[in-house]
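Given the structure of chain X, go ahead and fit chain P onto it with the hints provided.
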Amino acid sequence: MNLREIQRLLDAEVLTGEEYLDREVKTCFACDLMSDVLSCVDDKTLLLTGLTNPQTIRTAEMIDIAAIVFVRNKNPDQKTVDLAKENELVILRTKHIMYTSSGILYENGLASANIVHK
Amino acid sequence: MKDIRLEYEVIKDDFIKAGEASSKIKKVLKRLGVDPSVIRRVAIATYEAEMNIVIHSEGGNIEVVVDPERIQVIAKDQGPGIEDVHLAMREGYSTAPHRVRELGFGAGMGLPNIKRCSDEFSIESIVGSFTEVKIIIYQISKQSAQ
Numbered sequence: 001m002n003l004r005e006i007q008r009l010l011d012a013e014v015l016t017g018e019e020y021l022d023r024e025v026k027t028c029f030a031c032d033l034m035s036d037v038l039s040c041v042d043d044k045t046l047l048l049t050g051l052t053n054p055q056t057i058r059t060a061e062m063i064d065i066a067a068i069v070f071v072r073n074k075n076p077d078q079k080t081v082d083l084a085k086e087n088e089l090v091i092l093r094t095k096h097i098m099y100t101s102s103g104i105l106y107e108n109g110l111a112s113a114n115i116v117h118k
Numbered sequence: 119m120k121d122i123r124l125e126y127e128v129i130k131d132d133f134i135k136a137g138e139a140s141s142k143i144k145k146v147l148k149r150l151g152v153d154p155s156v157i158r159r160v161a162i163a164t165y166e167a168e169m170n171i172v173i174h175s176e177g178g179n180i181e182v183v184v185d186p187e188r189i190q191v192i193a194k195d196q197g198p199g200i201e202d203v204h205l206a207m208r209e210g211y212s213t214a215p216h217r218v219r220e221l222g223f224g225a226g227m228g229l230p231n232i233k234r235c236s237d238e239f240s241i242e243s244i245v246g247s248f249t250e251v252k253i254i255i256y257q258i259s260k261q262s263a264q
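Here the protein sequences line up with chains X and P, keeping their order.
Note that the first sequence covers residues 1 to 118 in the numbering used here.
Note that the second sequence covers residues 119 to 264 in the numbering used here.
One chain only, chain X, in its complex shape (with noise of 0.2 angstroms):
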């Protein structure tokens, strides 16, 4: 699935990265905790989180995460937002809580993230 139908899906908007929209993402982790995160195993993976501090962009450029989706409307600041763009990383911001964004996406044939068992 690529990225400009899961902004169709999530009905969210671009707040970095347009010009990334045809990047294919293959499976989703939805967390909060970016420890978990970076338990993720997959490459092109989506990162569904409420979490808007510039943190969750390392982490997400730590692991190749390949767009971040920031659920219930929230706003991240500038330098998150421009740490995103340095690092070639699309940010979309949907108005649908987690679980939300989570049902959908599974719905229309996102699979789950894998990650590393013990």
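Think of the hints as simulated: they come from the structure by calculation, not from any bench.
Quantities reported herein were computed from a predicted structural model and do not represent experimental measurements.
Take the hints with a grain of salt, since some may be wrong.
[To be verified] Restraint-style ranges between C-beta atoms, simulated for each label pair:
| no. | chain 1 | residue 1 | chain 2 | residue 2 | range |
| --- | --- | --- | --- | --- | --- |
| 1 | X | R4 | P | P215 | 39 to 45 angstroms |
| 2 | P | I122 | X | T100 | 45 to 51 angstroms |
| 3 | X | E86 | P | S155 | 20 to 26 angstroms |
| 4 | P | G151 | X | Y99 | 40 to 46 angstroms |
| 5 | X | E5 | P | I122 | 38 to 44 angstroms |
| 6 | X | Q78 | P | R217 | 16 to 22 angstroms |
[Stated by the list, open to error] One-sided excerpt, in silico: chain P residues whose CB lies under 10 angstroms from chain X:
| no. | residue |
| --- | --- |
| 7 | G151 |
| 8 | P154 |
| 9 | M169 |
| 10 | H216 |
| 11 | Y256 |
Ideal Cβ positions, reconstructed from N, Cα and C, are used throughout, including at glycine.
Positioned in the frame of chain X, the structure of chain P alone reads:
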């Protein structure tokens, strides 16, 4: 290939810059053409180590040595040290303040995550003095199954 040595200072409580050192390390490894799965493990380990220094210590530094066979990361801080290292290694155990939890960290996953990403892991801590985490990730063959 000559060994490549990188060193970055990590500053206590600097949540704006936190992650910058790991970001730079990741970019260098990419330029060197290191295998993406190895880069990811190094990136996760250095990032967790960097956050640990920012959150828990008086500041410190991260040193990375890259040779054709392996990547060694040493994260050393200037204290205050960990009283019970065994407890700190336990998943879910954390002494992080609420403010850090709001950033999505402090869930007690840092050290276990670092260990998970490494082929060799050691930690030494002396209360009132320092904590040093040393890890090795092999670039070839010896990689542990992740």
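Evaluation of the provided hints:
| no. | hint | result |
| --- | --- | --- |
| 1 | X:R4 with P:P215: 39 to 45 angstroms | holds (41 angstroms) |
| 2 | P:I122 with X:T100: 45 to 51 angstroms | holds (47 angstroms) |
| 3 | X:E86 with P:S155: 20 to 26 angstroms | holds (24 angstroms) |
| 4 | P:G151 with X:Y99: 40 to 46 angstroms | holds (42 angstroms) |
| 5 | X:E5 with P:I122: 38 to 44 angstroms | holds (41 angstroms) |
| 6 | X:Q78 with P:R217: 16 to 22 angstroms | holds (21 angstroms) |
| 7 | G151 | violated (16 angstroms) |
| 8 | P154 | holds (8 angstroms) |
| 9 | M169 | holds (8 angstroms) |
| 10 | H216 | violated (14 angstroms) |
| 11 | Y256 | violated (17 angstroms) |
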